[in-house]
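Peer 1: Take a look at the letters that make up each chain.
Number of protein chains: 2
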Amino acid sequence: MDTQATVAADVSSSRPAEEETPWLSAREQRLWRAHLEVSRLLEYQLGRELQPHNLAINDYEILVVLSESPERRMRMTDLATATLQSKSRLSHQITRMETAGLVLRQECPGDRRGLYAHLTEHGWQTMQQVAPDHVRSVRHHFIDRFTPEQIDAMYQALAPIAEHLRGVRGRA
Amino acid sequence: MDTQATVAADVSSSRPAEEETPWLSAREQRLWRAHLEVSRLLEYQLGRELQPHNLAINDYEILVVLSESPERRMRMTDLATATLQSKSRLSHQITRMETAGLVLRQECPGDRRGLYAHLTEHGWQTMQQVAPDHVRSVRHHFIDRFTPEQIDAMYQALAPIAEHLRGVRGRA
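Chains Z and C, in that order, are what the protein sequence lines are.
The first sequence runs 23 to 194 under my numbering.
The second sequence runs 23 to 194 under my numbering.
Mixed in with the good hints, there may be bad ones.
DMTMM-like mimics (lysine to aspartate or glutamate), calculated; alpha carbons at most 20 Å apart, straight line [said to hold, decoys possible]:
1. Z:Lys109 - Z:Glu129
2. Z:Lys109 - C:Glu65
3. C:Lys109 - Z:Glu120
4. Z:Lys109 - Z:Glu120
Read the hints as simulated data drawn from the structure, not as lab findings.
Extracted from the complex, chain Z is given alone in its bound form (with noise of 0.2 Å):
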């Protein structure tokens, strides 16, 4: 789960001092460490529950991303973009989901700029049948694991982090 390395000392050591990036103090990385496996973790352990409903975890955010969208459809580049997946791999994805029954892949008449992925009724019902499980999911493993002063701390810190990454990865 660590990707700083522990060799800081002979690596550090061995670049010239103006290229030098002070590694992470004991500090910084224990929380690199509870950051990275509490991400990994709870979205294995979301995943794993999602399970008996026949759903992997990025199935239920497109589900969840389509029935937001206008007409419950999305061009399949920014549903790519939407949920950070390559065309390729959400191509994948799409395919099996069809064979499902929980979205149609169709062109849009007179657009002409690719396809859309639409949400079928089967998908609807689908994702409101799951989503208080995934909910109930969610609170028991993260929300409602802080205190509520916690949660406005952790949303105060963590909200411009995401603003950053948005913007790095829009100039992409």
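Guided by the hints, dock chain C onto chain Z, whose structure is given.
Peer 2: Just chain C now, kept in the frame of chain Z:
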């Protein structure tokens, strides 16, 4: 990026009162979204900044985990657990990394419990070369964006959640 439906009202009103889980409040919801965004965009961005080194973020993680292990090797099963990957997915990844000369898969003489992944000297050198850039990315996109107080407060909030999630996973 959202994994809570905006259909809160419809769904909760159609479920019996005794089963109800309260939907996220606006404050909880914005934290949940910020957390998801930061998790995913950060993983995406760190991966992007490893590309010039011809490494995926999962490759880097494996280099780090192996470099921290005794004799710079680990049983494949334990490596899968440590990196939260399925055995089959890890196996594919190790095959790619073996082709790149970063790791070596070997049976351990006298141990019938399976294969080990070893870090090669090239793998070790690669990690040492990449680590400073990676730390720079982690600082620039995450750690250096918190005040020292936020670093500690975030850790206090996240550490019990990481522990909870490790426990849940251990029992699975």
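Peer 1: Each hint should be assessed against the structure and marked as holding or not.
Peer 2: Cross-check of the supplied hints:
1. Z:Lys109 - Z:Glu129: It holds: about 16 Å lies between the C-alpha atoms, which stays within 20 Å.
2. Z:Lys109 - C:Glu65: The given pair, whose Cα atoms are some 18 Å apart, holds under the 20 Å limit.
3. C:Lys109 - Z:Glu120: violated (28 Å)
4. Z:Lys109 - Z:Glu120: The hint holds at about 16 Å.
Hint 3 from the list above is the single one not met by this structure.
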